[in-house]
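Novice: Chains A and B are the protein sequences, given in the same order. Counting with our numbering, you get residues 32 to 457 for the letters of the first sequence. Counting with our numbering, you get residues 32 to 457 for the letters of the second sequence.
Calculated directly from the structure, the hints in this document are not laboratory data. The beta carbon of each residue, even a glycine, is placed where N, CA and C say it ideally should be. Some hints could be false.
What the hints assert, rightly or not - Stretches of chain A that chain B covers, calculated by requiring three or more beta carbons in the stretch to come under 8 Å of a beta carbon on chain B:
hint, segment
1, 216-227
2, 324-334
Claimed, not checked - The list that follows gives simulated cross-link-like pairs (lysine-lysine, BS3-like), each with its CA atoms no further than 25 Å apart:
hint, chain 1, residue 1, chain 2, residue 2
3, B, K210, A, K408
4, B, K438, A, K231
5, A, K167, B, K167
6, A, K438, B, K167
7, A, K210, B, K167
8, B, K231, A, K210
9, A, K436, B, K167
10, B, K438, A, K438
There are 2 protein chains.
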Amino acid sequence: MLSFTPNAALQALLDEHLPQLAASEGLSLECVAQAIAQGTMVLLGNPAHPGLRPLLVGQPTRVKVNANLGASPMAFSHDSEMTKLDVALQAGADTVMDLSTGGDLTPIRTEMLARCPVPLGTVPLYGVVQRRLDAKADMHDWTADDLVEEIRLQAEQGVDFMTLHMGVTRRGADLAQAKDARVLGIVSRGGSITAAWMRKHGMENPLLERMDEVLDICARHNVVISLGDGLRPGAGVDAGDAAQWEEVIVLGEVAKLARARGVQVMIEGPGHVPLHQVGAQIQGIKRLCQGAPLYVLGPLVVDCSPGYDHIAAAIGGALAVQHGADFLCYVTPAEHLTLPEVEDVRQGVMASRIAAQAGEVALGRPHALARNLEISKARARLDWEGMAANALDPAMVCRRGPGAKEKACAMCGDFCAVRLNEQLFK
Amino acid sequence: MLSFTPNAALQALLDEHLPQLAASEGLSLECVAQAIAQGTMVLLGNPAHPGLRPLLVGQPTRVKVNANLGASPMAFSHDSEMTKLDVALQAGADTVMDLSTGGDLTPIRTEMLARCPVPLGTVPLYGVVQRRLDAKADMHDWTADDLVEEIRLQAEQGVDFMTLHMGVTRRGADLAQAKDARVLGIVSRGGSITAAWMRKHGMENPLLERMDEVLDICARHNVVISLGDGLRPGAGVDAGDAAQWEEVIVLGEVAKLARARGVQVMIEGPGHVPLHQVGAQIQGIKRLCQGAPLYVLGPLVVDCSPGYDHIAAAIGGALAVQHGADFLCYVTPAEHLTLPEVEDVRQGVMASRIAAQAGEVALGRPHALARNLEISKARARLDWEGMAANALDPAMVCRRGPGAKEKACAMCGDFCAVRLNEQLFK
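Please take these sequences and the hints and turn them into a complete structure.
Specialist: Printed below as a string of structure tokens:
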């Protein structure tokens, strides 16, 4: 394990917040400090983000859930994105990512940062490409300088974590795009843009070539690098292939280099992965990346559920958490179809929170066991307020349940088993 | 293994339908015939059910999905139940259960049978108790004769499978209801009614005492007995306790007796089970019940997701299928809150179908692998019609997707990775 000396911004955050952060996770100071030093835990928090509550991600903290927001060029509404942000936070998202690729990105990001007390993540490459498209230029006609400057701008704005596709090498892209290699080639937007750029310009990944500058910027603002999985499988049948593992190997190497410069990293994970491969994938990625916090998208355990992909992702997410994933990126019912609407955002966050709870129960985490126990006790009392208080979505219980004065619900009525139990022992 | 001589009604069904049934499952005649003889597969089909398509359930057939329908005394609408039936069938339910406990049950059942080309299941005990409630009598004031006659009536009507709670013994109920034994006692309606009846009348389970008559009726009409899990855990913390396994042991014994009389059986399974216990539960139940087809409700891997319990159940269902479950009873978003509405029915069926698909992919079942592969190939072509054709819910793709003429969807627009792949290789 390489030695890790926290960047100054991180050290200042730790000095100020560590006791309260550790307490909120039910962990000792020593446990948190040691995990951060080892890189198995990161502290998200850019000092320039106004009103931010810093957040710990990684074992053995509570599993976190991210909601992706952001307009696309084809569907842009400032107000609806702000509504989605509010709904994501109400539903319990621990972080949000602004993945906007439409509208005026820089001022929207400033507004989101101001409105968002939780860590905000971005994919800086989108801003670079969007500027080309806005200028009616070739979308691949950007330079490494443009990308480094975008990272610097966003870091100064207060972005807390950034997806940087530093594992997409020419070798990896060739493996993914070789004839007969994959059914679905590259499905990550950032991955495919990077691959196309490298091919067009005959150059290696610009982030690898400019790594020193990128790491300096991230160290200065304590931006956590979320090492993007640009070659993640987009079909179950592509999961675990050479391209995927080639990228993971590179990510593990980049993670070491970043940490040697005092920069914290997370690793992004798949993608589409069949049920029986989820555990092995999670364990393999963790192993190759020195146990760095793993941030997974899904994984989706089936390919054929468009319109219901939050469910396919919750199945994979639950297993991923059981096997060591730390951070779940939500998937909404709109995935593979269209930009999510407000209700999709709520469903996506709830599905990921269910997955996290399921996995954490399997891991025996006290807060997860306690929640399950308390709602079950409330059920035994037919105590609807107690059920709502311990439900992942209390408002849902109030809206669809029978109300605090009723005993049984409309599902069972006089046939309520719990009421029968109760009567029997009166 | 006891020898099994199919009842005459079953033999007639096999003689007529076996080649087509085997072909539709992609199995050989011998494989199906042997599995039915061993009791690891059952053929649902009561000759009195008009227009029925008989259905195979059990390894290694395609995993089936059941939708529970039926009004409660507190929410009864004939038309809405018929709409739910239509929606359940459209969404792909392989069977339905009419669990009505309100309205005029017998004629509704006749209408459902006529309208329903898939096997229909019931819980006869509900009809018996409902009659007492309609007469303003004590709900526990029914006799074993009443229950046997209800089973006979429904068998003659054409009901294809019946949940009979034959594993709820006085010993099991005492174990479940002992002080400090469980957080949530008995949560099955049929289980709690049976337990209360035994306690009130000081008698053993009436179905065990009248087993010969019940088996005669079921043999005459080829009613498949779905041996109800009246003592299933209703909270994760109760899963795997003595009461649950006591019932499973009894169900295994009853299954042997039924098969010795030519009656087919399925076993009903939990319930609320933490993620890490699902595999062991499924394997244990299968072992104790001689591999009889296992019909699971969920299992729900968390207790705290009212309003989203179809997701908690899909997580458990996927793992259950991976470990050998044969038949998934859907759970809707309304579970634990209220009677499902039409949209809940659709969501519930789809969630179970996703779970089945995920589990079957893990098992390497060819039809499941093919569906995943074909939709992924359609994605690689940006072929929205092909995606719809292979989606679990084609109508959803048509409704929310971009339409066949568009290439990219509104989620990614110009950033579409698949389109970038395509352009690169033109």
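Novice: Does K167 of chain B sit within 25 Å of K436 of chain A, going by the straight-line distance between their CA atoms?
Specialist: Holds - the C-alpha atoms of K167 of chain B and K436 of chain A are around 23 Å apart, at most 25 Å.
Novice: Taken at face value, is the distance from the CA of K210 of chain A to the CA of K231 of chain B at most 25 Å?
Specialist: Judged against 25 Å, a Cα distance of about 73 Å means the pair is violated.
Novice: Measure nothing beyond the straight line between the CA atoms of K438 of chain A and K167 of chain B; if it is 25 Å or shorter, mark the hint as holding.
Specialist: Holds, at about 20 Å.
Novice: Between K438 of chain B and K438 of chain A, does the CA-CA distance stay at or below 25 Å?
Specialist: 53 Å, violated
Novice: Check, residue by residue, whether the segment 216-227 of chain A contains three or more positions whose beta-carbon lies closer than 8 Å to a beta-carbon of chain B, and give the verdict.
Specialist: holds (count 10)
Novice: Does K408 of chain A sit within 25 Å of K210 of chain B, going by the straight-line distance between their CA atoms?
Specialist: 14 Å, holds
Novice: With the threshold set at 25 Å, check whether the alpha-carbon distance from K210 of chain A to K167 of chain B stays at or below it.
Specialist: Violated, at about 74 Å.
Novice: Taking 8 Å as the C-beta cutoff, is the stated coverage of the segment 324-334 of chain A by chain B satisfied by three or more residues?
Specialist: holds (count 3)
Novice: Need the status of pair K167 of chain A, K167 of chain B: alpha-carbon distance at most 25 Å?
Specialist: With Cα atoms ~77 Å apart, K167 of chain A and K167 of chain B exceed 25 Å; violated.
Novice: For the pair supplied as a hint, K438 of chain B and K231 of chain A, confirm whether the alpha-carbon distance does not exceed 25 Å.
Specialist: 23 Å, holds
When each numbered hint is compared with the structure, violations occur for hints 5, 7, 8, 10.
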